[in-house]
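S.K.: Mind docking chain L on chain Y? Use the hints.
Number of protein chains: 2
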Amino acid sequence: MTPAQLSVTFFLQMFIILAVCRVVGWAARRIGQPQVVGEMIAGVLLGPSVIGLLGLTGLPAEWVAAAARSQQALFPPESLKTLYVGAQLGAGLYMFLVGVEFKTDLFASRLRSAMAVSLSGMLVPFLLGVGLALWFIKVPGLFSEKARTFEACLFLGAAMAITAFPMLARIIYERNLTGTSLGALALAAGAIDDATAWCVLAIVLATFGGGAAIAVKAIVGGILYAVFMLTLGRRLLLRLGSATESAGQITPPILAVTLMLFMLGAWAMDAVGIHAVFGGFLLGVAMPRGLFAREIQKQLEPFAVVFLLPMFFTYSGLNTRLDLVNSWPMALVALAALAAACLGKGVACWAAARATGEDNRTAMAVGTLMNARGLMELIILNIGLQKGVILPGLFSVMVVMAVVTTLMATPLFELVYGRHARKSGSFGMTKAGE
Amino acid sequence: MTPAQLSVTFFLQMFIILAVCRVVGWAARRIGQPQVVGEMIAGVLLGPSVIGLLGLTGLPAEWVAAAARSQQALFPPESLKTLYVGAQLGAGLYMFLVGVEFKTDLFASRLRSAMAVSLSGMLVPFLLGVGLALWFIKVPGLFSEKARTFEACLFLGAAMAITAFPMLARIIYERNLTGTSLGALALAAGAIDDATAWCVLAIVLATFGGGAAIAVKAIVGGILYAVFMLTLGRRLLLRLGSATESAGQITPPILAVTLMLFMLGAWAMDAVGIHAVFGGFLLGVAMPRGLFAREIQKQLEPFAVVFLLPMFFTYSGLNTRLDLVNSWPMALVALAALAAACLGKGVACWAAARATGEDNRTAMAVGTLMNARGLMELIILNIGLQKGVILPGLFSVMVVMAVVTTLMATPLFELVYGRHARKSGSFGMTKAGE
Numbered sequence: 008m009t010p011a012q013l014s015v016t017f018f019l020q021m022f023i024i025l026a027v028c029r030v031v032g033w034a035a036r037r038i039g040q041p042q043v044v045g046e047m048i049a050g051v052l053l054g055p056s057v058i059g060l061l062g063l064t065g066l067p068a069e070w071v072a073a074a075a076r077s078q079q080a081l082f083p084p085e086s087l088k089t090l091y092v093g094a095q096l097g098a099g100l101y102m103f104l105v106g107v108e109f110k111t112d113l114f115a116s117r118l119r120s121a122m123a124v125s126l127s128g129m130l131v132p133f134l135l136g137v138g139l140a141l142w143f144i145k146v147p148g149l150f151s152e153k154a155r156t157f158e159a160c161l162f163l164g165a166a167m168a169i170t171a172f173p174m175l176a177r178i179i180y181e182r183n184l185t186g187t188s189l190g191a192l193a194l195a196a197g198a199i200d201d202a203t204a205w206c207v208l209a210i211v212l213a214t215f216g217g218g219a220a221i222a223v224k225a226i227v228g229g230i231l232y233a234v235f236m237l238t239l240g241r242r243l244l245l246r247l248g249s250a251t252e253s254a255g256q257i258t259p260p261i262l263a264v265t266l267m268l269f270m271l272g273a274w275a276m277d278a279v280g281i282h283a284v285f286g287g288f289l290l291g292v293a294m295p296r297g298l299f300a301r302e303i304q305k306q307l308e309p310f311a312v313v314f315l316l317p318m319f320f321t322y323s324g325l326n327t328r329l330d331l332v333n334s335w336p337m338a339l340v341a342l343a344a345l346a347a348a349c350l351g352k353g354v355a356c357w358a359a360a361r362a363t364g365e366d367n368r369t370a371m372a373v374g375t376l377m378n379a380r381g382l383m384e385l386i387i388l389n390i391g392l393q394k395g396v397i398l399p400g401l402f403s404v405m406v407v408m409a410v411v412t413t414l415m416a417t418p419l420f421e422l423v424y425g426r427h428a429r430k431s432g433s434f435g436m437t438k439a440g441e
Numbered sequence: 008m009t010p011a012q013l014s015v016t017f018f019l020q021m022f023i024i025l026a027v028c029r030v031v032g033w034a035a036r037r038i039g040q041p042q043v044v045g046e047m048i049a050g051v052l053l054g055p056s057v058i059g060l061l062g063l064t065g066l067p068a069e070w071v072a073a074a075a076r077s078q079q080a081l082f083p084p085e086s087l088k089t090l091y092v093g094a095q096l097g098a099g100l101y102m103f104l105v106g107v108e109f110k111t112d113l114f115a116s117r118l119r120s121a122m123a124v125s126l127s128g129m130l131v132p133f134l135l136g137v138g139l140a141l142w143f144i145k146v147p148g149l150f151s152e153k154a155r156t157f158e159a160c161l162f163l164g165a166a167m168a169i170t171a172f173p174m175l176a177r178i179i180y181e182r183n184l185t186g187t188s189l190g191a192l193a194l195a196a197g198a199i200d201d202a203t204a205w206c207v208l209a210i211v212l213a214t215f216g217g218g219a220a221i222a223v224k225a226i227v228g229g230i231l232y233a234v235f236m237l238t239l240g241r242r243l244l245l246r247l248g249s250a251t252e253s254a255g256q257i258t259p260p261i262l263a264v265t266l267m268l269f270m271l272g273a274w275a276m277d278a279v280g281i282h283a284v285f286g287g288f289l290l291g292v293a294m295p296r297g298l299f300a301r302e303i304q305k306q307l308e309p310f311a312v313v314f315l316l317p318m319f320f321t322y323s324g325l326n327t328r329l330d331l332v333n334s335w336p337m338a339l340v341a342l343a344a345l346a347a348a349c350l351g352k353g354v355a356c357w358a359a360a361r362a363t364g365e366d367n368r369t370a371m372a373v374g375t376l377m378n379a380r381g382l383m384e385l386i387i388l389n390i391g392l393q394k395g396v397i398l399p400g401l402f403s404v405m406v407v408m409a410v411v412t413t414l415m416a417t418p419l420f421e422l423v424y425g426r427h428a429r430k431s432g433s434f435g436m437t438k439a440g441e
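Chains as they are written, first to last, in the working numbering: chain Y, 8 to 441; chain L, 8 to 441.
Simulated from the structure, these hints should not be mistaken for laboratory data. Keep in mind that the hints are not guaranteed to be accurate.
In this list, chains with the same sequence are indistinguishable; a pair is considered to hold if it fits within one copy or across any two.
[Said to hold, decoys possible] With a straight-line Cα cutoff of 20 Å, these simulated SDA-like cross-link-like pairs (lysine to any residue) come out:
| id | residue 1 | residue 2 |
| --- | --- | --- |
| 1 | Lys305 | Leu315 |
| 2 | Lys224 | Leu19 |
| 3 | Lys153 | Val207 |
| 4 | Lys153 | Thr9 |
| 5 | Lys145 | Pro418 |
So here's chain Y without its partners, still in its complex pose (with noise of 0.2 Å):
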């Protein structure tokens, strides 16, 4: 394909991209689920899968080859690399807007039970990913040959482990749960265990697929630059919020500046072997706060989130073979990712909430608002898929995992504490359209 045609192509699929993506998530909300849980099912309804699944059901063939034809047409091979660089700039912007709304002073206020829910919501997981991953490495089609044990055993324990912290938040700072001690213990638990995972998955991709000497590099370089990110790296970005105070605004070199630095930190953490979102989420976290934090989320965050992420879900989609999960053990695979999943982290952290003195109430509402994986399984699991830890038939057990957990937690969350928050009114408003 010649640039022109490319780019005659990209035009028409964003368009298709977005419609999906908002008449899903428009759907999606009508129900009360929020717009993410739509945008996951738009890029896997925009995939292989439902054509693949449409095979199974005994439909004529030539409809089936008609559909697979035009889904093919809209997305043809070479357009896809436009499609996954645009989907890597979206995930590693929005990684790094996640960094700049991290808050470490969360932490300080309730201490004793965020630690334990975190605790035992990240180990827990952690455990049954890693007695899952030896079963499932033994089943073909699921880890790839590359990977060795300890690497199956880490990357499933991280992504069980990972929460939708991003979503997390929203949820609470949209109802007004901020000050509540709902609200501060699942924040400080959801952002110890996701920054856990993050290191874990860290790690796993440091060390796969290359000798001693690759492994070191990466895992030297990740300790470099995260350390250098949040001493000297922080100090020195302080500049930009002093800039952005004086100027009353984010003027075009400050913005251009940030975007410079996120390009730089997005190349470096590729380059020595780990993955472009940790550079942008490390980068956000060492940005100043006040009015630069509110000031680029108002300029990035537009763009980022309707713009680039459905670049995001598309891409992921189009890897998501949902067909694959067509025989008995394929579906008892992905029943016992989806049990150990909701086991793991819900129940877990349900159990350490009620252990450390909470009520019953904000016991089960943590770990609801915890069990869901939304936008960051998908970021991890894809990854995975393109590291070549994972093949195609896990990340979609995987992905199925990470929709279902994602739409249980807001129904959940109503039944458990909402209904009585809005009766006893306690509760905020949801913003509109969002």
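M.R.: What follows is chain L alone, placed relative to chain Y:
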């Protein structure tokens, strides 16, 4: 290259592109030039011109070869496709935002002199462009063999007649000249000229390189799109305006619908054989004014101007080969193009303004502002090169013309108008950071 390699390259490229654009843009602003001049030059610096010129200087061949290798390592051929798609998106969104700012009510206030200035500022450069085309078409390496004489004439005429309308508008707004006779005259004349030049370009593209059927498709498609957008489309789009008013802001769904319409318009104009930027521009003109227009600028302009446009400048610079202007005949071609551009636009607009009764300072200021070609010229030239109307030689000559006329504008304007206006106090301040 795998998608993962492409995305690593992309992050590094973007870091360097943003850094070079910012550094050269900063240097340009230090000497009183606008940011856009710096970015036009930055794009050329990132391209093969510098290395080509180094090769002509007699430096050791291995140094030049090393510079060429690092330039090629940074921009491997496959990565240019992603850069191209980003550049098209940037140019399209930029033209969309130009359309959103486009005010048709400007024409009314100074109709007589505006018509005179815009007509002569269009006809004279157009005729000079036609004259040059009749000469250039005989010089090898300027026009492609596919280009018929009337197409070459129309293309060079349109390319000569274009004005950097957005830059002109920014100078007027930033210096608080909107209410002055100069402001009203320059804005109206610039808008009319640009709209007409784009129409001529659309005709060239519609007729170029295909049989009658293709030309009919392009012309009918373009007219239908324009008529639909400016009548029924404009009325349908009012709903976006009222949705914005009632929400008090542009919500994610409103932004998503706007971007979807942009993608559809860009795709449609590309698909019928004109160009994506027309789709964006006409959609922008048809968009509702008021809160919607202000807010969509706020949400899209930072990312489009700070992040996407540098991709366009770089892609354009990668196509620019100043080393092709290395012989006396080519130098003569470049001088003739530059002289025709300044005579046809600057001098003709001054004369028309004088003839309709404007004072000499206002007339000279109008001529100076209309003479700058800026980014709009680069957009036209890149379309001509991509569609195969012109060859790299003429492209490079015209890039020089665009840079020189843009460079001239600010100091000349200061000389003929700014000094006096500042003395008499009828002059605002330039915005910081732009």
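S.K.: If a hint holds in the structure, say so; if it doesn't, say that too.
M.R.: Against the structure, the hints:
In this assembly of identical chains, lysine 305 and leucine 315 lie within 20 Å of each other by CA distance both inside one copy and across copies; the values are 15 Å within and 18 Å between. Proximity of lysine 224 to leucine 19 under the C-alpha cut-off of 20 Å is restricted to the inter-copy arrangement: shortest distance 19 Å between copies versus 41 Å within a copy. Taking identical chains as interchangeable, the C-alpha atoms of lysine 153 and valine 207 lie at most 20 Å apart only when both belong to the same chain, with a minimum of 19 Å there against 59 Å between chains. Only between protomers do lysine 153 and threonine 9 lie at most 20 Å apart by alpha-carbon distance; the minimum there is 18 Å, versus 36 Å within a single protomer.
Taking the shortest alpha-carbon separations for lysine 145 and proline 418, neither the intra-copy value of 36 Å nor the inter-copy value of 74 Å comes in at or below 20 Å.
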